[in-house]
Each structure stands twice: as structure tokens, then as C-alpha cells.
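From just these sequences and the hints, can you work out the full model?
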Amino acid sequence: MRQRLFEPIPSSEITPESVYLDRRTVLRGLGAGLVTSLVGCDGKAEARAEVMPSATMPAAIPNLKTWPGSSQETKTSYRDVTGYNNFYEFGTAKGDPALRSGRFKPKPWTVEVSGEAEVTGRFDLDDLLKGITLEERIYRLRCVEAWSMVVPWNGFPLATLLNRFKPTSKAKYVRFETIQRPAEMPGQRSAIMDWPYQEGLRIDEAMHPLTLLAVGVYGRWLPNQNGAPLRLVVPWKYGFKSIKSIVRIRFTESQPHTSWSDMAPDEYGFYANVNPAVDHPRWSQASERRIAEGVSVFKSRIETRPFNGYAEQVASMYAGLDPKTLY
Amino acid sequence: MSRIAIAKIALFLLCLLPAGLLAYAVFFGDPGPDPVARIVHETGAWTLRFLLVTLAVTPLRRFSGWNVLIRFRRMLGLYAFFYATLHLSAYLFLDLGAFWAQILTDIAKRPYITVGFTAWLLLIPLALTSTNTMMKRLGKRWQTLHRLSYLVAVLGVLHFYWLVKADVREPLIYAAILATLLLLRWRRLSGRS
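Protein sequences, first through last, are from chains V and G. Going by the numbering used here, the final residue of the first sequence carries number 477, and the count climbs one at a time with no gaps. Going by the numbering used here, the final residue of the second sequence carries number 1286, and the count climbs one at a time with no gaps.
Accuracy of the hints is not assured; some may be wrong.
Below 20 Å or equal to it, Euclidean Cα-Cα: the simulated EDC-like pairs (lysine to aspartate or glutamate) are [stated by the list, open to error]:
hint	chain 1	residue 1	chain 2	residue 2
1	G	Lys-1202	V	Glu-295
2	G	Lys-1258	V	Glu-417
3	G	Lys-1202	V	Asp-416
4	V	Lys-449	G	Asp-1123
5	G	Lys-1258	V	Glu-266
6	G	Lys-1202	V	Asp-429
7	G	Lys-1258	V	Asp-416
8	V	Lys-225	G	Asp-1123
9	G	Lys-1202	V	Glu-417
Stretches of chain G that chain V covers, calculated by requiring three or more beta carbons in the stretch to come under 8 Å of a beta carbon on chain V [stated by the list, open to error]:
hint	stretch
10	1201-1211
11	1254-1260
Covered by chain V, according to a simulated footprint, are these stretches of chain G (three or more residues, beta-carbon under 8 Å) [unchecked claim]:
hint	stretch
12	1112-1126
13	1160-1167
Read the hints as simulated data drawn from the structure, not as lab findings. Glycine included, each C-beta is placed from N, C-alpha and C at the ideal position.
See the structure below:
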């Protein structure tokens, strides 16, 4: 909130009405939550109370197919999925993405495809989505910070898209890049990270049927704070692998650089598979705090499962590798 | 009632306010998505704030000439211990909860927890010797013992700095304030003021 004081006053002429209304609701929430907002000196986390009210939620996605593999666990509320997450491009507090992403324009959107593939170039997202069936998949999400959620994503397997570009035999990895727009993404104006954010997968991981490209959450198009309009979801890896607001996809022969691993290689590996046996140097990865409806403050911690509970589907991909390197 | 006594009661209630508001939010209001993280984080932040405010009393008294400030220092210091104890308890009983096996490895293996736990341990003798009787009994040694509070504050800020993932701006603010407070003392102790 501090930084926002220095931004120009939003005008309803240049701000989409939905965003404009959304901000007013945030302010109302601040007023109503005065008592709670006094608790924290930074006033960030508290302001999330009324983020994304029903009237200004993104539009519903028509004709979603259900997916039989969905998690049956209690879901994290829409409010928490969209109001509490890491997206450093909008700030480092977990309420920042929801509060400070109002200026971001996810439309129109183009994705640049390059590298070791027969079909490359710049593609309009609407064209890329033509003929694609969107599904609802409820996945567990495990953050490297040892908290977790259960999220109903809407999207399609990444492989469906990648196969259209006909990757060659030299394509051993896929590299992804987040958009860089400091004017719309206030977090990018500080050198917290080396922007733009980049991530990567081995080609077999990218082609795995669980690896999802999401365009929506909870049956609605992705809100800005969750990585609109296109993001990755890799449910057996720590959340930071699931790169948001993707503008570049490149097929490469060598392992691409990835943002967190570049920044602190001893703390974040390239694979970043959820692994309770390998602790983060500064905290344990053996258990996690579940953020979901009805979780008691006295019983929020649960055990972390290898590959976030998707071992049966994905463990074989790492058969020859030393499990100690899989963090 | 003397004005000092009234001021002490007012300060006592004011210092209790952050804990009261937090408890209210968690049990009756909007606790936020991750209440346990919030409780641990906020009680930790208030511990650091009270440590710094306690360390600021002496320089403030010297600059302002308000000697009366010293009469509130014990309460501020004890509140630092109070919030530190809430912070540790929330971590042990709420966050780790049934995962007791994790506690010992956490304390032994994670430098930021080792450091934080040490700081809390060092606060215990300070709290125990905060009474008038103990001050009298220890005489000059009391001041030497209570210089441990500088170390506690350094460990506390280090504890915060080490747990942050990438954005170290907030811990650095605490570090800057602490460095200023320590520098003011060092200049005086080394006779440079």
C-alpha cells in the first residue's frame, strides 16, 4: 500500500470499469476491516478481505470438461486462491498481486515460439486456443515456502500445444518467459529478481499429461494476479516452477536458466520436485501448512508427500537420477 | 494515583493492544488465508519492535533530557519477552503442532531458528532479573548482564534476515535502526561523543 501512494490517481476513463470498481471494493474492505488492519503495521495482508468480490469476478468459461483425476480434498477458497499468492512482478507480499495488478492488460496477448521446432513464430493467444477443449482439474499446489492449496484450474495439457509446433529431436528442454512490463507490473520496478522471470522443464516433463497450461481458475478466466492470461501448472513441482503470464516458449537443446535456481542454486534446483526428504537449507520440507476452508489454526500442518502425491504418475521419469538432486 | 502510575497503566494497555487485536482477528474477525503464518509473523515483528524501542529509551533520554523515560523501560523490555514467548509458542504449538519430531531438527539444523531460539533463551535471565530486588542484589553486575539485550536484538534481526526468501528490505530497516542505536552507545562507551 505504501508504494501505491506514489502512483498517479487511477482514472475511470483509462481504467477498465471492472478494475475501477474492484479498487473501490478494496477500499471499502479496508474501512470495514479497520480493526483488523490496525493489527499489522504494513497494512498489506489485511487489505485482502474484499478482493475479487462476486460482481467483478472474471467471466465464466463455457463448456468445461471434467477430468477424472481431480483431487477430492477440500478446496482452497476462491478468495484465498486469488488473494494470497506469490507473483513478485506485482510485489513480494502475498496480498500484493491481488492489490497491485489492476493496471495489467492481459489482452491482446501474443506468444513467441522459437528454437528447436518446425513451426515457430508469434501467435495470437486466441488463435492458439482455437479448437482446444478446456478442462477443470483440481490439483494440489505446494509452495516451496511449505504451504499448500487445492486449486481447481481450467486449462489443457501443455503437450497439446507443444505438439502443434512439431519440436525436433534436438528439443531436449522447453524454456518459458514471463512478460516484462514495469509500467503495469510495479514489482518489476525493483531489482528484487533478474527480470524477466524464466522457467524451464525437460521435454518429457513438459509433455507429461499432468502438465497443464491454465487459462482459468474456479471456472472463470484467470485474474491478473494468478498469471493471466496463460500460465503453467506443474502439480508435482514447487509452485515457483509454474510460471505465470507466459509470452515466450523456446525449445532448447541444453538446460535453460531458471530464475530462482540462478539466484540461489543451493536452495532451489532446476527440477524442484516436491520432495519431503530434501529440506530447503533454511526450513524443513517434510510437512506443509494447508490453506483450505475449515482448517483449524491448531491442525493446519500436514505431511508433504513425494512428488506432492503424484509419484505414481511421474516418479518413473526420474528413475536414474539421484533423489538428493531432485529439489 | 500519581501521573506516573496512570501513564504506566496506559502504556501497559497500549503494549497489549497488538496481541489483543491479533487474537480478536483470529478468533472472531477475519484471520486471513494463513492465520498461523500471520500469528507467527506478527508476534515476531512486535518482538523486534519492542526490543528496538527498549534500546531506544536511553539515547532518547539523553537527547531529550526526559529522565522520566527510564521508568518505562522495564515494561517495554518485558513486553519484548512477552511477544517473543508468544512468537515461540505460536511456532511450537500452532505451526509445528503435532509435528513435534520436526522441532529438534529445526532448532539444531536451521541457523535462523537456532539464532531465534538462542535470543529467546537469553531473554529469560533478563526477565528474571528485572525486579527491583534483583537489581539491588546484582548491583553493578546487573548492567553488565543486561547488556545481553544488545546481543538479543542482533540475533533477532539476523533471525528475520535469514528467513526472508528474496526481499530483504524489511529486515534491513530493522537492521539499520538497530545499527544506529548500537552506534550511539558505542560512541558513548568509547568516549567519542
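How the hints compare with the structure:
With a C-alpha separation of about 17 Å, the suggested pairing of G:Lys-1202 with V:Glu-295 holds against the 20 Å cut-off. In summary, the hint linking G:Lys-1258 to V:Glu-417 is supported, as the alpha carbons are separated by about 10 Å, within the 20 Å threshold. Straight-line distance between C-alpha atoms of G:Lys-1202 and V:Asp-416 comes to about 16 Å, which keeps the hinted pair within the 20 Å bound. For the proposed pair V:Lys-449 and G:Asp-1123, the alpha carbon gap of about 18 Å is at most 20 Å, so the pair holds.
Between G:Lys-1258 and V:Glu-266, the direct Cα distance comes to roughly 34 Å. Violation of the 20 Å bound is thereby established for this hinted pair. Under the criterion of a C-alpha separation no larger than 20 Å, the hint pairing G:Lys-1202 with V:Asp-429 is consistent with the structure, at around 10 Å. This hinted pair checks out: G:Lys-1258 and V:Asp-416 have alpha carbons roughly 13 Å apart, not beyond 20 Å. Between V:Lys-225 and G:Asp-1123 the alpha-carbon distance is near 19 Å, which keeps this suggested pair within the 20 Å criterion.
Annotation: proposed proximity of G:Lys-1202 to V:Glu-417 holds, straight-line Cα distance about 15 Å (limit 20 Å). Counting residues of the stretch 1201-1211 of chain G whose CB lies closer than 8 Å to any CB of chain V gives 4, which reaches the minimum of 3, so the coverage claim holds. Closer than 8 Å: that is the beta-carbon criterion, and the stretch 1254-1260 of chain G has 5 residues meeting it against chain V, so the requirement of 3 holds. For a cut-off of 8 Å, the count of residues in the stretch 1112-1126 of chain G with a CB near a CB of chain V stands at 10, and the three-residue condition holds.
Counting residues of the stretch 1160-1167 of chain G whose beta carbon lies closer than 8 Å to any beta carbon of chain V gives 0, which falls below the threshold of three, so the coverage claim is violated.
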